[in-house]
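Quick note, the sequences are listed as chains A and B, same order.
Mapping to the numbering used here: the first sequence position 37 is 37, numbers consecutive.
Quick note: to get the numbering used here, add 115 to the position in the second sequence (first position is 1).
It is worth saying that the hints were derived from the structure and are not from the lab.
One or more of the hints may lead you astray.
[Said to hold, decoys possible] Here are the simulated DSBU-like cross-link-like pairs (lysine-lysine), alpha carbons at most 30 Å apart as the crow flies:
id: 1; chain 1: A; residue 1: K56; chain 2: A; residue 2: K68
id: 2; chain 1: A; residue 1: K56; chain 2: A; residue 2: K77
id: 3; chain 1: A; residue 1: K52; chain 2: A; residue 2: K107
id: 4; chain 1: B; residue 1: K172; chain 2: A; residue 2: K52
id: 5; chain 1: A; residue 1: K107; chain 2: A; residue 2: K56
id: 6; chain 1: A; residue 1: K68; chain 2: B; residue 2: K172
id: 7; chain 1: B; residue 1: K128; chain 2: A; residue 2: K107
id: 8; chain 1: A; residue 1: K107; chain 2: A; residue 2: K60
id: 9; chain 1: A; residue 1: K77; chain 2: A; residue 2: K107
id: 10; chain 1: B; residue 1: K128; chain 2: A; residue 2: K60
id: 11; chain 1: A; residue 1: K68; chain 2: A; residue 2: K52
id: 12; chain 1: A; residue 1: K60; chain 2: A; residue 2: K77
[To be verified] Simulated DEER-style distance windows between Cβ atoms:
id: 13; chain 1: B; residue 1: Q133; chain 2: A; residue 2: P10; range: 28 to 38 Å
id: 14; chain 1: A; residue 1: K68; chain 2: B; residue 2: Q159; range: 22 to 32 Å
id: 15; chain 1: A; residue 1: E63; chain 2: B; residue 2: S194; range: 26 to 36 Å
id: 16; chain 1: A; residue 1: P10; chain 2: B; residue 2: L198; range: 36 to 46 Å
id: 17; chain 1: A; residue 1: E8; chain 2: B; residue 2: T226; range: 34 to 44 Å
id: 18; chain 1: B; residue 1: T195; chain 2: A; residue 2: S14; range: 41 to 51 Å
id: 19; chain 1: B; residue 1: N192; chain 2: A; residue 2: E16; range: 25 to 35 Å
id: 20; chain 1: A; residue 1: G29; chain 2: B; residue 2: Q159; range: 38 to 48 Å
Backbone N, C-alpha and C fix where the C-beta goes; we use that ideal spot for every residue, glycine too.
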Amino acid sequence: GNSVTQMEGPVTLSEEAFLTINCTYTATGYPSLFWYVQYPGEGLQLLLKATKADDKGSNKGFEATYRKETTSFHLEKGSVQVSDSAVYFCALSDESGGSNYKLTFGKGTLLTVNP
Amino acid sequence: KAGVTQTPRYLIKTRGQQVTLSCSPISGHRSVSWYQQTPGQGLQFLFEYFSETQRNKGNFPGRFSGRQFSNSRSEMNVSTLELGDSALYLCASSPGLPRAEQYFGPGTRLTVT
Chain A
1 GNSVTQMEGP
11 VTLSEEAFLT
21 INCTYTATGY
31 PSLFWYVQYP
41 GEGLQLLLKA
51 TKADDKGSNK
61 GFEATYRKET
71 TSFHLEKGSV
81 QVSDSAVYFC
91 ALSDESGGSN
101 YKLTFGKGTL
111 LTVNP
Chain B
116 KAGVTQTPRY
126 LIKTRGQQVT
136 LSCSPISGHR
146 SVSWYQQTPG
156 QGLQFLFEYF
166 SETQRNKGNF
176 PGRFSGRQFS
186 NSRSEMNVST
196 LELGDSALYL
206 CASSPGLPRA
216 EQYFGPGTRL
226 TVT
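Bound-form chain A, shown alone (with noise of 0.2 Å):
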């Protein structure tokens, strides 16, 4: 089956620091790949996507770039504020199989970015 494993948190970062948060994925298909973010007390907010190959998702000043061969999705951002502190989640729709439209999810990554 489908499966998302992230980088497990929490993760603390000063303001201004570079960030990455690992995600690999397994699929029986060819999935499109998305990051999505959830602030306190909220729902979930589409972060980036990519849905082939070597597609770059970009948004916000995050960055993900669709790994086929190492089968991972990173995202990283070059200057982080105290504003991105949340949980980020990573998550595959597998377009095969009959599963379309289904989100499989990582476990989500907390990040606190201090002053």
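Assemble the complex: chain A is given as a structure, and chain B must be docked to it using the hints.
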């Protein structure tokens, strides 16, 4: 464009009762999915509806059911509530096309006592 709305935002129920949660998708979106979020199990897929038909279902007992109306609004129902059903229930809206992203509502926090 208005986002996904969920009602109620908070709910407290007693074991054995049943509950109905509501979700209104983004205008024009025909797909609604439901997810359960708990600290132990994380985010788990419940089911997805498209044009009033259930297209996908996760591995949850039959106590969990849903439906979608002709205006794409969706409800999910949980019968005979158990303590373990305490969770944040998230609804996601999508055009329902391959590789389309899903947009989430703020969730309904259900507490079962």
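Exercise for the section: Sort out whether K77/A lies within 30 Å of K60/A, counting only the CA atoms. Expected result: holds, 9 Å
Practice task
With respect to the beta-carbon atoms only, verify the hint that G29/A and Q159/B lie 38 to 48 Å apart.
Solution key: For G29/A and Q159/B the Cβ distance comes to about 20 Å; the hint is violated.
Problem - C-beta pair E63/A, S194/B: status relative to the range 26 to 36 Å that was hinted - result: Violated: the Cβ-Cβ distance is about 45 Å, outside 26 to 36 Å.
Handout entry: Outcome of range test on Cβ distance (K68/A, Q159/B; 22 to 32 Å)
Key = The hint (22 to 32 Å, Cβ to Cβ) holds, given that K68/A and Q159/B are roughly 26 Å apart.
Handout entry: T195/B versus S14/A beta-carbon gap, inside 41 to 51 Å or not
Key = Given about 49 Å between the Cβ atoms, the range holds.
Problem - Distance restraint evaluation - E8/A, T226/B, Cβ atoms, bounds 34 to 44 Å - result: Violated - the Cβ-Cβ distance for E8/A and T226/B, about 27 Å, lies outside 34 to 44 Å.
Problem - Pair hint K172/B and K52/A, alpha-carbon separation not exceeding 30 Å - result: Within the cut-off at roughly 25 Å; holds.
Exercise for the section: Could you grab the alpha-carbon distance between K52/A and K107/A and see if it respects the 30 Å cut-off? Expected result: holds, 23 Å
Problem - K68/A paired with K52/A [C-alpha distance capped at 30 Å] - result: holds, 8 Å
Problem - Cβ distance range 36 to 46 Å for P10/A and L198/B, holds or violated - result: The hint (36 to 46 Å, Cβ to Cβ) is violated, given that P10/A and L198/B are roughly 27 Å apart.
Problem - Pair hint K56/A and K68/A, alpha-carbon separation not exceeding 30 Å - result: holds, 12 Å
Exercise for the section: Starting from K107/A, check that the Cα of K60/A is at most 30 Å away, please. Expected result: holds, 23 Å
Taken one by one, the earlier hints fail for this structure at numbers 10, 15, 16, 17, 19, 20, listed in ascending order.
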